[in-house]
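Asks: In order, the protein sequences belong to chains P and Z.
Using this note's numbering, read the first sequence as starting at -5 and increasing by one per residue.
Using this note's numbering, read the second sequence as starting at -5 and increasing by one per residue.
If you're looking for bench data, these hints aren't it; they were derived computationally from the structure.
Do not rely on the hints blindly, as some may be mistaken.
It does not matter which identical chain is used: a pair holds within one copy or between any two.
[To be verified] As a list, the in silico DSS-like pairs of lysine-lysine whose alpha-carbon atoms are at most 30 Å apart:
hint: 1; residue 1: Lys240; residue 2: Lys85
hint: 2; residue 1: Lys85; residue 2: Lys42
hint: 3; residue 1: Lys145; residue 2: Lys42
hint: 4; residue 1: Lys145; residue 2: Lys73
hint: 5; residue 1: Lys240; residue 2: Lys214
hint: 6; residue 1: Lys136; residue 2: Lys85
hint: 7; residue 1: Lys85; residue 2: Lys73
hint: 8; residue 1: Lys214; residue 2: Lys85
hint: 9; residue 1: Lys73; residue 2: Lys136
Take a look at the letters that make up each chain.
2 protein chains.
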Amino acid sequence: MEQSLISSIQLLLTPHPRVPLGSGDDAAVLDVRGTNQLVISTDMLTDKVDFDLHHDAAQDVGRKALAVNLSDIAAMAAKPVAAVASVVLPKRQEAEQLALGVVEGLLALAREYDVALAGGDVNSWDGDFAISVTIFGDASEKGVLRRDGAKLGDAILVTGELGGSFLGKQFHFQPRVTEMLELFENHELTAGLDISDGLTLDLARLCQASGCGASLDLTKIPISQAAEQMAERTDAEVAASPIPRKTALEHALTDGEDFEILFTAPHPVAAAILRERQDISQLGVIVEQQGLWSAQDGAPIPERGWEHGL
Amino acid sequence: MEQSLISSIQLLLTPHPRVPLGSGDDAAVLDVRGTNQLVISTDMLTDKVDFDLHHDAAQDVGRKALAVNLSDIAAMAAKPVAAVASVVLPKRQEAEQLALGVVEGLLALAREYDVALAGGDVNSWDGDFAISVTIFGDASEKGVLRRDGAKLGDAILVTGELGGSFLGKQFHFQPRVTEMLELFENHELTAGLDISDGLTLDLARLCQASGCGASLDLTKIPISQAAEQMAERTDAEVAASPIPRKTALEHALTDGEDFEILFTAPHPVAAAILRERQDISQLGVIVEQQGLWSAQDGAPIPERGWEHGL
């Protein structure tokens, strides 16, 4: 049965100019002539943690598995080119259908970004479904946007709006690939990462890597409609959900899976970006004292978010 | 706890000239200047299928997870450079120790081949342990050794000895990276793949991809000591094992996880290789009629091996 599934998947794949040899041999071949640096990210997503196949569609799961990797490539301001995926399927009747749905969802998003699915590996076992995607992107000629380059006085900027991803964005977010390629090409950004575990937690990581702190203007956080909606849930809705009661601002500060990009730039650069673009907000500035601080009263802001517990 | 585990893993990593940015950012950076084509392979290994953590050491599991990928790179006659690994850990007390053991085993083999562990992803869940490794290699200047290039009359060659990997080789095999780099550089090989699912099954795949068949000289199969040992098991030993009773030749023809390389070359090339090297055997020749055939009596040879059942 595995061979027939692999054949079915191979029928869904399309040729790509950067992949002279794709699925079907011991390994795929990626053309890297003209590329100096390849950016590589890998993420594994598992059932009942990153999605739940009891209510989430296989297509949404496949989309998400690629999208979180695209978000990592976006955070490096690189151009995604190709990906490989390995899956392990539960041994049950509909495993083949599940696998095909996942691949369909993944491929639909891959086409949007002209990313080749260059190969993969299909396994099965008595456990639940898991998928691991590894993605490759071309670094820009300027290099990559690391998380450790923020400088004292830099503005802290973010794409899009934050909070409430639980209501749908956790599956349907648009990875900020195009935005970051454009921003990085035209402006001197200093650091960046994607918000996967919550604004305060990921900002703390950027600060830690850069050896600095951040002063956040809590009146400037771009709170999403979904965060407002989450804050207005009834007690019964909260009780039935894995996400505790929070204010809309708290959702924006601490909800995971926003997959927006948090980045820093010197003040004149940030001012130019903010003049040009409606989709970017400034949240605060980089300060010397390590930690996160309220610009309003100097109080410490707790670094909370989604920690993958062991 | 995840962060402390990741920090412990990062302490085990060493810098590598081809990886200017490794673990710790959203993505790793691989230097590909001077490389035209990158060879990429991915394999996921899961508990109770590819190993069993009840009796297999974490170090052996980590070694195997990289080794099977190195074998794929060897089968393409490419030079391995870097790898990334994603794991999902069971939620239990010793998960951190398990993860560190796996990484240690992986890194020990990586060092032998000067392969960088460029990054990864650590997750946990209520299920069993799984690990997915993606590996990158530089294609040789002659290109890669595909599985679809075998020609009528080519000799069928194999590295090493076959069968009985269950007795230990399935964990401790030496991926044939060095051998294949040397052979491919010095000789005009036509096709190749690694024997992961058994000689007859993998030879049938090579033949199918190349649009041909194979005549096998069953007196020329390099039967390993382990295959002989497996054939001499007592009835009680067979009953207690997942591997059925077979003759030593049958073990060599059908056991999985040999991770030797099966390859083809025109006759004069094969003759030169066989003169030069003791570690290569000729098993037969490529014929027109699809399927596998005994050189002795022309009877069809069944294509049996380890099929990953769904």
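Asks: Tell me, which hint numbers fail for this structure?
Replies: 3, 6, 7, 8
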